[in-house]
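There are 4 protein chains.
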Amino acid sequence: MKHHSKTPMDHSPYGQSFTLWRDGCPTAWQDYTDHAFVEGLRSGSLPRAAFLHYLVQDYVFLVHFARAWSLGVIKADTLDEMKSCARTVDALVNHEMALHVTTCAAADIDEATLFAATEEFETLAYTRYVMDAGLHGDYLDLMAALAPCCFGYGEIGLRLAGSAEPGTPYQDWIKTYADAGYQNTMKAVGRMMDMALERRLGPDPTLSPRWPRLQHRFATATRLESAFWDMGLRAG
Amino acid sequence: MKHHSKTPMDHSPYGQSFTLWRDGCPTAWQDYTDHAFVEGLRSGSLPRAAFLHYLVQDYVFLVHFARAWSLGVIKADTLDEMKSCARTVDALVNHEMALHVTTCAAADIDEATLFAATEEFETLAYTRYVMDAGLHGDYLDLMAALAPCCFGYGEIGLRLAGSAEPGTPYQDWIKTYADAGYQNTMKAVGRMMDMALERRLGPDPTLSPRWPRLQHRFATATRLESAFWDMGLRAG
Amino acid sequence: MKHHSKTPMDHSPYGQSFTLWRDGCPTAWQDYTDHAFVEGLRSGSLPRAAFLHYLVQDYVFLVHFARAWSLGVIKADTLDEMKSCARTVDALVNHEMALHVTTCAAADIDEATLFAATEEFETLAYTRYVMDAGLHGDYLDLMAALAPCCFGYGEIGLRLAGSAEPGTPYQDWIKTYADAGYQNTMKAVGRMMDMALERRLGPDPTLSPRWPRLQHRFATATRLESAFWDMGLRAG
Amino acid sequence: MKHHSKTPMDHSPYGQSFTLWRDGCPTAWQDYTDHAFVEGLRSGSLPRAAFLHYLVQDYVFLVHFARAWSLGVIKADTLDEMKSCARTVDALVNHEMALHVTTCAAADIDEATLFAATEEFETLAYTRYVMDAGLHGDYLDLMAALAPCCFGYGEIGLRLAGSAEPGTPYQDWIKTYADAGYQNTMKAVGRMMDMALERRLGPDPTLSPRWPRLQHRFATATRLESAFWDMGLRAG
Chain A
54 MKHHSKTPMD HSPYGQSFTL WRDGCPTAWQ DYTDHAFVEG LRSGSLPRAA FLHYLVQDYV
114 FLVHFARAWS LGVIKADTLD EMKSCARTVD ALVNHEMALH VTTCAAADID EATLFAATEE
174 FETLAYTRYV MDAGLHGDYL DLMAALAPCC FGYGEIGLRL AGSAEPGTPY QDWIKTYADA
234 GYQNTMKAVG RMMDMALERR LGPDPTLSPR WPRLQHRFAT ATRLESAFWD MGLRAG
Chain B
54 MKHHSKTPMD HSPYGQSFTL WRDGCPTAWQ DYTDHAFVEG LRSGSLPRAA FLHYLVQDYV
114 FLVHFARAWS LGVIKADTLD EMKSCARTVD ALVNHEMALH VTTCAAADID EATLFAATEE
174 FETLAYTRYV MDAGLHGDYL DLMAALAPCC FGYGEIGLRL AGSAEPGTPY QDWIKTYADA
234 GYQNTMKAVG RMMDMALERR LGPDPTLSPR WPRLQHRFAT ATRLESAFWD MGLRAG
Chain C
54 MKHHSKTPMD HSPYGQSFTL WRDGCPTAWQ DYTDHAFVEG LRSGSLPRAA FLHYLVQDYV
114 FLVHFARAWS LGVIKADTLD EMKSCARTVD ALVNHEMALH VTTCAAADID EATLFAATEE
174 FETLAYTRYV MDAGLHGDYL DLMAALAPCC FGYGEIGLRL AGSAEPGTPY QDWIKTYADA
234 GYQNTMKAVG RMMDMALERR LGPDPTLSPR WPRLQHRFAT ATRLESAFWD MGLRAG
Chain D
54 MKHHSKTPMD HSPYGQSFTL WRDGCPTAWQ DYTDHAFVEG LRSGSLPRAA FLHYLVQDYV
114 FLVHFARAWS LGVIKADTLD EMKSCARTVD ALVNHEMALH VTTCAAADID EATLFAATEE
174 FETLAYTRYV MDAGLHGDYL DLMAALAPCC FGYGEIGLRL AGSAEPGTPY QDWIKTYADA
234 GYQNTMKAVG RMMDMALERR LGPDPTLSPR WPRLQHRFAT ATRLESAFWD MGLRAG
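Protein chains in written order, with the working numbering: chain A, 54 to 289; chain B, 54 to 289; chain C, 54 to 289; chain D, 54 to 289.
Hints are computed from structural coordinates only; laboratory data are not their basis.
Be careful, since some hints might not be right.
Intra- or inter-copy, both count: the list cannot distinguish identical chains.
[What the hints assert, rightly or not] Calculated cross-link-like contacts (lysine to aspartate or glutamate; reagent style DMTMM-like; alpha-carbon spacing at most 25 Å): (1) K136 with D163; (2) K240 with D143; (3) K136 with E218; (4) K136 with E149; (5) K136 with D161; (6) K240 with D130; (7) K136 with E164; (8) K240 with D161; (9) K240 with D225; (10) K136 with E172; (11) K228 with E134; (12) K136 with E92; (13) K228 with E251; (14) K240 with D133; (15) K228 with D161; (16) K136 with D76; (17) K136 with D84; (18) K228 with D133; (19) K136 with D247; (20) K228 with D84; (21) K228 with E218.
All of these numbers come straight from a predicted model, not from anything done at the bench.
From just these sequences and the hints, can you work out the full model?
Set out below in structure tokens:
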């Protein structure tokens, strides 16, 4: 019993679970990764105000994303899972957020302002949904809700690195996610998720009764990513 | 359609904490309790499709509201707090949700459909924000996030019971919240919240350094109530 | 004092999952259900001081057991699971704890004293282990940790009802758990757990990679039950 | 209204909150920090079997301690609190546990064995009590439960560094906690806790109605430390 008919098997470098989840909601995934906001980053046409509005909210998002990965440490079953989650918390708090802080500082927005920014509904919805996925379910429920941000930014970063207009002012953003550091981290996270699924659901996780629910969590988080871009554009 | 100006002595029957929180964000509170959706319930002009869309989402909301009050049982410090939260879970699961089930059944929507309804972003944002308020903070953080729904519906129910157009088809909804059962429960919940605040913050909770944060939680949940009504109207 | 040898068909009235879990740790289960404390309840030889010490700690245990079942409401996937957990919280807070309150009142220990009792290490270990099983895992992890108390007391109650010395002063305790009300509730809880396992792990949950971990949770909670009886005897 | 009469004010380098908590349960604190197990480390008379038994359980303890500090990231109110908790998770997972792994490897116990070790009741009681302190309350409840381990090991390490018998085989253990790295980290954690208390309870946290409960949490965790040493000795 295999998923043998997916002929143009576009295996992602981020692992099999992600590939299955992504291919399980192709429209939602395309809406997210090909969003007008992303095209604006690529072409450079994205208004600066929209980018800064997004960046402030994304800073708040990362605060909660670090909380969600900390919940991963709490819910892990193996030492490798614990270490993977703890490393990600460290990467978020001490590295990825630095891009936001630096870019915002150049626009006269300091970190205390970022931390205290009023959250848009889209930020609230996405971040708290992920947290509650972890409280409600187990480690896998949390991972399925965390995956779209991790790997979607990875895909977008890679694609834009190869297609961005030379003059786009958003090269720093693109480099952050196209960078080998980010890409390698995401490959490791993808492997960890594959092992986490196999450990709990067996060698073919799609045969588990839990699979549709995990797919649903991934798709919901993907829809919330699109809404997050919409929110950014609204301020443009 | 506005609230008349408040004298400084407009104490709510739902207790002092609620009065302080409500009067600490008057515009947000008025946006919520005088919303066009509420006026539509009063006058009867609310489209049936909008009401049903709201009701389905509100059913999902109540599922998560019952989860949030269950988190209250977990976070309570006293037996009275535990019992108050447990009673509210019972009231939600076994009584308030019954209105939704009955009304939706009349529109050929069964309870399994309600439970499995796709959540709108506004539903996600509000419900998960409340859950996370409890995970993030203590019992008071949770209560501040739960209060706007409890007492706002109480205020709206009472006001509409005295002002609704006789022909409005939404009398059952109005009665549910104007009803002495609901009103008395909310008075008891308000007293419990007053005692919970005093127990942890002392006789004047507004002097505690924590007060602004609790006020912020109440105001955020109030804004999310308005967004919930907006969501209902969108489907009209 | 031993259980008679089990035929392979000794299905418990509390369902298949419990039967499997119980038969997966037979020595630990017998240590718990045939403990000297239980024999003391049956014969009447248990010192009153030991019983009262146990009862005070068991009251504190039930407070946390109600918290743990509330966590079940939070972690449930279906409306039936939510209702089952909410009913159990209500039964614990409003019924089972009443036995403790009444019995302790007769010994001049009031409910405020019970609620504020200093917890023994065995009480801390057991109650917090169950709570953390829920935070760490999903609904099934929580159920596996809740099961030994539910069904062990059911088995003990039934057995003692048929074998107690007529003069034992612990007839009220025995009746509480032999009672049709308690037994029927436990049968319903057992059915709910069977359905919860099938829903997530498929028709034969023992084939799931998660089974050993669930069995381990059940066995750990069973060992903690024996330690709880030991603690009671220590005070005799 | 001041605590003015504590004349021989033995201010700890780990901050004012810890000093107050420690001096609020002097007998329990002395039982813990002057325990026979500690004296055995100092003099070298502690049987190797007792030390190894302790070390295996302490490894499991650190796994859960890392989970508890991760819960701190989730419950933090400020970026500094988040960073402090995240740094501690990293220090535990990537540094302190290394001592255990190295020492146990020399006794032919590998890390997989450590991670899978059967937990003693004392380990269960202590670790899950700390986790539940965080789930039940807010950031301060968690900090009060985390403090005895952090600062008690700091005090013990410093004292033994100045008084250990030259021939004690437990110099590595002593150095781990007497080391400037550990000591400076604990001073920073102490400052963070002082600020966390002031931020939520005002300049004199002992005046808050919550103080007795925080003191109780600290004292309970301190008693659980003594029980943990007892457990170690049992295996000697």
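Subject >> Homo-oligomer pair classification [D133, K240; C-alpha up to 25 Å] >> reply: Answer is within; shortest intra-copy Cα gap is 15 Å, inter-copy 30 Å.
Original post:
Given identical chains, is K136 near D161, meaning Cα to Cα at most 25 Å, within a copy, between copies, both, or neither?
Top reply: between (36 Å within a copy, 23 Å between copies)
Original post:
Using 25 Å as the alpha-carbon threshold, which applies to K228 and E251: within, between, both, or neither?
Top reply: Classified as neither: same-chain Cα gap 33 Å, cross-chain 41 Å, threshold 25 Å.
Subject >> Up to 25 Å CA-CA - D247 versus K136, copy category >> reply: For K136 and D247, only the intra-copy Cα distance (16 Å) is at most 25 Å; the inter-copy one is 29 Å.
Original post:
Which holds for K228 with D161 at a C-alpha limit of 25 Å: within a copy, between copies, both or neither?
Top reply: within (22 Å within a copy, 46 Å between copies)
Subject >> Copy assignment of K228 with D84, given that the CA separation must stay at most 25 Å >> reply: within (22 Å within a copy, 43 Å between copies)
Original post:
How would you classify K240 and D225 at a CA-CA limit of 25 Å: within, between, both, or neither?
Top reply: Close inside one copy (21 Å), not across copies (38 Å); limit 25 Å.
Subject >> Intra/inter-copy verdict for K136 and D84 if alpha-carbon distance must be at most 25 Å >> reply: Neither: 33 Å inside a chain and 34 Å across chains, both beyond 25 Å.
Subject >> Homo-oligomer pair classification [D143, K240; C-alpha up to 25 Å] >> reply: both (17 Å within a copy, 21 Å between copies)
**OP:** Check K240 against D161 for me: Cα-Cα at most 25 Å, and say if that holds within a copy, between copies, both or neither.
**Re:** neither (35 Å within a copy, 33 Å between copies)
**OP:** If the cutoff is 25 Å on CA atoms, where do K240 and D130 land: within, between, both or neither? Let me know, please.
**Re:** Within one copy, since 20 Å is at most 25 Å while 31 Å is not.
Original post:
When no copy is specified for K136 and E218, does a C-alpha distance of 25 Å or less occur within a copy, between copies, both, or neither?
Top reply: neither (38 Å within a copy, 37 Å between copies)
Hints 3, 8, 11, 12, 13, 16, 17 and 18, counting from the list given before, are not met by this structure.
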